[in-house]
Amino acid sequence: MTCDERRELWLLFASGGFAAEEERELGSHLESGCAQCAGALAEAEVVLAQLPVTLPPVALPTGLRERLVARAAADRRSAGPGRPARQGFRALGRLAAAAALALAAVSAGFLWRQSALESRLDAQARRLAELEQLADRSRALEQTVARQAIEIERLEAVVGPATDVLAIVERQRNEIARLTATLEKVGGTVDFRDEEIRRLRLRLDDHSLRMASYGSPDVWIFGLEGTAEARTASARVFWNTERRRWDFYASGLEPAGLARTYQLWFVTGDGRKVSAGTFDVGDGGEAALIDVQVPLDVGLVAAAAVTDEPAGGSLQPSGRIRLVGETRRG
Amino acid sequence: MIRAEDRLRNTPGPGAGRTETTLGQGGELDRALVEALAGGDPAAMGRLCDRYSSVLFALCLRVLRDRADAEEVLGDVLWELWSRPERYDARRGNLLTYLVTLARSRALDRLRSRKSRELREATAADPAVDGESPFDDALLGERRRHLQRALAALSPEQREAIEMSYYSGLSHAEISAELREPLGTIKSRIRGGLIRLRDSLRTLDEGRSPS
Chain A
1 MTCDERRELW LLFASGGFAA EEERELGSHL ESGCAQCAGA LAEAEVVLAQ LPVTLPPVAL
61 PTGLRERLVA RAAADRRSAG PGRPARQGFR ALGRLAAAAA LALAAVSAGF LWRQSALESR
121 LDAQARRLAE LEQLADRSRA LEQTVARQAI EIERLEAVVG PATDVLAIVE RQRNEIARLT
181 ATLEKVGGTV DFRDEEIRRL RLRLDDHSLR MASYGSPDVW IFGLEGTAEA RTASARVFWN
241 TERRRWDFYA SGLEPAGLAR TYQLWFVTGD GRKVSAGTFD VGDGGEAALI DVQVPLDVGL
301 VAAAAVTDEP AGGSLQPSGR IRLVGETRRG
Chain B
331 MIRAEDRLRN TPGPGAGRTE TTLGQGGELD RALVEALAGG DPAAMGRLCD RYSSVLFALC
391 LRVLRDRADA EEVLGDVLWE LWSRPERYDA RRGNLLTYLV TLARSRALDR LRSRKSRELR
451 EATAADPAVD GESPFDDALL GERRRHLQRA LAALSPEQRE AIEMSYYSGL SHAEISAELR
511 EPLGTIKSRI RGGLIRLRDS LRTLDEGRSP S
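Listed in order, the protein sequences are those of chains A and B. Residues in the first sequence are numbered consecutively from 1, following this note's numbering. Residues in the second sequence are numbered consecutively from 331, following this note's numbering.
Simulated from the structure, these hints should not be mistaken for laboratory data. Mixed in with the good hints there might be a few duds.
As the list claims (entries may be wrong) - The following label-pair restraints were derived from C-beta to C-beta distances: (1) B:P512 / A:S32: 27 to 35 Å; (2) A:A302 / B:R479: 24 to 32 Å; (3) A:C3 / B:E508: 43 to 51 Å; (4) B:E504 / A:A302: 41 to 49 Å; (5) B:E504 / A:R203: 24 to 32 Å; (6) B:A482 / A:G313: 32 to 40 Å; (7) B:I525 / A:T227: 33 to 41 Å; (8) B:R421 / A:R231: 31 to 39 Å.
Just so we're clear, the structure is a prediction, and the values are computed from it rather than from any experiment. Backbone N, C-alpha and C define an ideal beta-carbon position, used for all residues, glycine too.
Next comes chain A alone, as it looks inside the complex (with noise of 0.2 Å):
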């Protein structure tokens, strides 16, 4: 047989209902080497490939997109900074490695912030657990201290004054009197620290009730993609369509520029384009515009925009669109 008789074959074998003998003939051949027909049998999977394109939309698993956003990064942080990078991919791998966690990508964004807030909260423990450690060491000194100075005392009456050992009572009536600042010093630092972490908990707290609310069949889930105005960046909003308000999150935005400022844009079915609000992005180019009312005559949001503009914002959108998505259901 030959590569033109073969040809049409290679639909057949990609499809995969051949018999075991037709199939191995056609594979040993494709062993051999043959660019020809490996070239028909990619040809035919690509055409294979397009079959599910037909098939009609259904509903997305709930919750799918985040549990999987959420183990990459779980796995990426168990990898450690910079996971290995894999063949071919090597010099991209290490500038993705290194703007990944800067980026608090936009699907990922609030696990990673709700992530972030935990691990700084893990940091203030354990410094507190420093600071009570030093406290502990420095009442202990100080009892060290005090009684020794009973036992000068004592020794002196049965003696006398001796010169070395006053000296050593004034060293360590110094050493008292250095702890005992350094304890006022502490005992301020840990007020400090549990006010941070009382704060740092309430923000915890207030990130995982709203992480809760993004389960509710109430809340649709979709993307906003960068234009060619902004390659690099994403966003995602949760849209509550019970309480008809937004949380959206964007990342990877460079900064608006001079005077300049993002707006976020409800676009109505019919082409109405209505403000969501102004928002300037943090030094790793996230974003976020939290509980975003979106007004009763609006009616529903088809899709959604991001522009940048004079700062303050516009009426209606004048500058440059950076970030566009339709809304979904998710």
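Dock chain B against chain A, hints included.
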């Protein structure tokens, strides 16, 4: 038996790549996406889901007829690309082809292990359709509509044979037995139908209107 996913890893590419087909116009996007996955960027996993989970889940569900099984296979396939991005070689085909082939292979493996011919037949009705969202529509756009028209233009016998082969993983001999038609007829139907689809796809990719 040569598994489809093994073929994807082992065969050289088609050279000029006449049917450079991706969802939307995403060859460049796909390359950037796979590179971000390789670099360990968790957000890339989100973008991967956004871009492909719709088609892949529809495929898994069509094969398995069970949402939980389909979800599991979809999760495994996406996770595999995260874990082993180097297995995907853009020179051998586009990302859609790679993921669809992998998902179909995994779904058929699971189907066979379930030994659920009865289930397939008992639940032959299509799963609940959620309605095409504007986003999906924008993503798939003209390609989906074009392919749907091309598929609809096949004879019912060709379509049936292709679907039994592709989604149920039946061999040509099994299809022949089930439909009580000669084996050669079944092969002709599948081959003829796929050739028409291929030609239609070429027409689309070359930017001409289908004849």
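Against the earlier hints, flag every one the structure doesn't satisfy and list their numbers going up.
3, 5, 6, 8
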